[in-house]
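Trainee: Spelled out, the chains give:
Number of protein chains: 2
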Amino acid sequence: MSNHTAAVIIIGNEILSGRTLDINTQEIALRLSEIGVSLIETRTIADDRTMIINTARELSSKYNYVFTTGGIGPTHDDITAESMAAAFNVRYVRNDEIYMILKNYYDKMGEKLNSAREKMAYIPESSKLLHNDATMVPGFVIGNVFVMAGIPNIMKAMLKSAIPMLKKGKVIQSQTLEVMMGESKIAISFEELQNKYKEVDMGSYPFTKNGIHGTALVLRSSNYNLLEKAFVELETIINGLK
Amino acid sequence: MSNHTAAVIIIGNEILSGRTLDINTQEIALRLSEIGVSLIETRTIADDRTMIINTARELSSKYNYVFTTGGIGPTHDDITAESMAAAFNVRYVRNDEIYMILKNYYDKMGEKLNSAREKMAYIPESSKLLHNDATMVPGFVIGNVFVMAGIPNIMKAMLKSAIPMLKKGKVIQSQTLEVMMGESKIAISFEELQNKYKEVDMGSYPFTKNGIHGTALVLRSSNYNLLEKAFVELETIINGLK
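Chains as they are written, first to last, in UniProt numbering: chain V, 1 to 242; chain P, 1 to 242.
Calculated from the structure, these hints are not laboratory results.
Among the hints, a few may not be true.
Because identical chains cannot be distinguished in the list, a pair is counted as satisfied if it fits within a single copy or across any two copies.
Claimed, not checked - DMTMM-like mimics (lysine to aspartate or glutamate), calculated; alpha carbons at most 25 Å apart, straight line:
(1) K167 - E125
(2) K185 - E118
(3) K62 - D48
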């Protein structure tokens with residue numbers, strides 16, 4: 001049985017304008033790798049209702065899980081929750097549990113629960129909540145879509161709550177050999193090795209260290225015996241090339 | 001007349017596994033912003049032939065320009081060039097100009113132009129080349145797709161060669177006001193301002209500085225007079241809230 005699949009949707013004009021570097025994708029990728037969920041693709045789209053709805057529908061029907069980040073705050077440009085309700089054809093309603101959290105908080109602060117603050121209690125009907133350590137306002141799950149905040153530390157906390165809800169798969173382990181030679185010197189033997197070990201995914205990533213070209217040879221597989229065997233063979237090949 | 005549109009395709013298993021943080025998207029986003037090309041969406045996909053072909057076809061028909069990064073080196077997992085030829089139904093052929101560059105280089109080094117090295121001369125027929133300052137092997141343009149390396153400093157150099165080939169548009173300028181108050185306090189007035197200035201795109205981005213919550217209010221528009229007017233009004237609103 002193969003691993004469950006996933007996609008990420010980064011929602012935010014600030015990523016597309018270049019203002020903000022997205023670091024959420026990597027965090028999600030790493031956490032999913034750890035539990036054997038296969039991240040197949042990621043997309044970055046604008047805070048645009050039609051685009052959010054279409055992308056959520058397309059990816060949620062294609063993959064087991066979808067993770068979104070961004071657009072769930074109190075301001076007018078936060079339209080993810082309402083768009084998700086539309087994507088799943090459910091009502092966009094005030095969630096009593098979130099509403100009480102907000103009401104208690106602002107009462108205690110002696111501040112008004114204004115309409116912007118109350119907006120944070122509105123989510124698609126029948127969502128599950130993603131309570132977390134970073135903020136009182138939870139993320140939520142609608143269908144197979146996990147809707148999280150865009151701020152990295154809050155996203156991270158919401159993702160932590162989401163992880164136990166996922167079906168774990170066979171974890172892909174990786175072994176990396178860094179060699180101080182160019183890719184083109186290794187390429188032919190490396191391809192022969194790949195052809196020999198079909199179950200091991202082999203990637204080659206050039207880098208520069210102190211002005212010298214090197215290559216990271218990364219072997220990945222959920223068959224650990226085969227991975228180990230291929231890696232030992234790779235070391236022998238590289239020693240022969242030196 | 002509205003600005004030309006663009007999409008980015010990041011090709012690489014290493015991004016989807018979390019091994020590598022993608023910083024190419026931000027670089028492309030910033031450079032396109034500067035010349036008034038609108039980045040509409042970005043995708044990250046695996047080194048998978050079918051996925052590369054389908055994504056390239058879909059996005060190149062939807063947008064004026066597509067920029068890809070990754071998968072154009074000498075190793076077996078570098079399949080972008082061949083996939084692009086398939087996507088555009090053209091032959092995957094040895095380019096004489098690149099071949100001579102490689103031949104001269106390896107001759108001078110006293111090394112063999114092996115099949116892996118020669119592979120770097122193979123690109124889709126009728127491509128234009130993206131010569132650059134960072135490497136002797138150029139990127140290339142096929143149809144409206146700009147195919148670039150994944151290594152950030154090489155990608156950057158190839159993008160620099162691509163920029164003069166693009167149709168410049170009206171540059172979107174932005175003004176940012178950072179205020180040390182939470183989003184929810186500003187949200188209502190901010191939305192009223194957005195409704196008043198439809199041509200100015202207003203976004204709100206929370207941050208934390210020394211443990212205190214702040215909000216960056218970002219106004220963006222290609223109508224600079226209106227942008228300035230809205231920004232002055234925003235400052236007045238914020239002063240009234242303090």
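Trainee: If you check each hint against the structure, which ones fail?
Mentor: none
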